[in-house]
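Those protein sequences? They're chains A and B, same order as listed.
The numbering of the first sequence is this note's numbering, which starts it at 1 and goes up by one.
The numbering of the second sequence is this note's numbering, which starts it at 1001 and goes up by one.
A portion of the hints provided could be inaccurate.
Unchecked claim - List time: in silico DMTMM-like cross-link candidates among lysine to aspartate or glutamate, alpha-carbon distance up to 25 Å: (1) K1193/B - E1237/B; (2) K166/A - E1130/B; (3) K166/A - E1101/B; (4) K166/A - D1075/B; (5) K166/A - E1086/B.
It is worth saying that the hints were derived from the structure and are not from the lab.
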Amino acid sequence: MTSAAALGRRPFVPALLGFGSLLIFILVVEILIRVGVINRYIVPMPSQIAMSFGRVISEEDIFGRFRLTFFEALSAGALIAVVGISIGILLYRVNLLRLACETWIAALASAPSVLMYPLFLVIFGRSALTIIMMGFVAGLPPVILKTLEGLSGTRRVLINVGRSFKLGPTQMFVKILFPAALPTIFVGLRLGLIFTLINVVGVEFLINFGGLGQLINDLAERYDLPGTYAAICFVILVSVFFFIITERVERWLRPVD
Amino acid sequence: MAVATSATRLAEDAKPDAAFLVVDDIVKRFETPDGAITAVDHVSFTVRPGEFLAVIGPSGCGKSTLFNIIGGLIDGYEGQIGVAGERVAGPHASIGMVFQEESTFPWRTVIENVAFPLEIAGVKKANRIERARHFIALVGLSGFENRYPTELSGGMRQRVAIARTLASEPKILLMDEPFASLDEQTRLLLGDKVLQIQQELKQTTLLITHNITEAVQLSDRILVMTYRPGRVKRIVEINLPRPRSSDIVSSEAFGRYVAQIWGDLREEASRGMHDDEARALHAGDRP
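Bound conformation, chain A alone (with noise of 0.2 Å):
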């Protein structure tokens, strides 16, 4: 137990780990459809969805798409961050609002909203506004909650200090409430971009319109299994790189908890 504790201090050792265990996961997934345990008609083996990678990234714009989503994504994620914190401390200031509204944005944090998208293919046409506004609807609730509870969670004894140095109410807000509230509204902000990435994608493979979710559904449609994989596998390159971003975000407001 020891040892096992002192590996887990190298900092190397719990990346290669994970690593190494996705790695047995892909070979024994593969050893089990070569032996036909699982059906290769259904999943494909993981050493072809290697080699459709060439053939993806050559013939299918990859990259042009990965911008694409990873735009929308991103503009919906900017947008649920405003809009959801802004709210949220709009809830946080007026009680009224905030006992008139907080159950029902609950309530929407898990409605299944991309049912919505035939409403917003109405209002905002076959484009890249309708999935970013699907995304941004999605992600709201958690981001406007979640700053809700960090404002509202904030120690009563950071605000007495505040008051003690007689703090006004925006210098309140700026040095205290807010810092005191950010890892709270990152949670929000991560679960949110968690909706807002599902939807922008789903949206995309429902209207067959835009970049990844559209490849994915055209592939899948012309029963390139190893393909519609490769492409599932871009999808989570930019659910990375928006944790990567998240994070980086976070550290610089916030450099420790």
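Chain B: place on chain A using the hints.
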């Protein structure tokens, strides 16, 4: 060992030239579902410039309410608070507060925490950093300027909070059980640090505490409060030599003061305990 009754002490404190902080006939009631509770009942006392006064009492005697009233954090009370002849209401720059709970800002380094009041006051960065370093050195935390509170022990964090309050250069340092969450050894050592700071700055200090040894170790006078409603039971003059350190706890005179104050407090603490038990029984009877 000189002991003054509250009546004689208050008569002496009433001299305007002696009083720096005046707490005058404070009454605070709280509305509860079971009716109004008087937390603080006609409490009056004064603190002289450079004096260290401790307010001691059992749980529920209104110590923290008094702390919040003097610091201006709660209103709706009768009576008045005066600092250097000026009546104050609400938070006031003359009064610097140190809280019982951990109150450092976890997102700021030690130096950023200590420089906080100077930042609010609009002091230029270079100047405030220099002044913050001075107060960090004063509480014995030089070398930890760029650490975050999570990297420090509880005692060190409380020293950061004290340095932050001192950086605002208050006329009166108001502390609410600042060492309550620390172990006894750390508490004694931090007491030494507070004595050293008070000696150096001649800082007028009002300490709210329930710890008798801490009160005797640090104070010039101790105000003993009654259990609910909180009233002044007695003011005890502590005639132990200064400068003091934690070594004084082993002296015979120290032991006599502790015994005397415990004698006053025992009755109040017992009342508090019986009251708690009666309330628990009453709550148990409810359907």
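Do the hints match the structure? See the list:
1. Between K1193/B and E1237/B the CA atoms are separated by roughly 22 Å; this keeps the pair inside 25 Å, and the hint holds.
2. Distance restraint check for K166/A and E1130/B: the Cα-Cα separation of roughly 23 Å lies within the 25 Å cut-off, and the hinted pair is therefore satisfied.
3. Straight-line distance between C-alpha atoms of K166/A and E1101/B comes to about 19 Å, which keeps the hinted pair within the 25 Å bound.
4. Straight-line distance between C-alpha atoms of K166/A and D1075/B comes to about 15 Å, which keeps the hinted pair within the 25 Å bound.
5. Straight-line distance between C-alpha atoms of K166/A and E1086/B comes to about 18 Å, which keeps the hinted pair within the 25 Å bound.
Hint compliance for this structure: no hint is broken.
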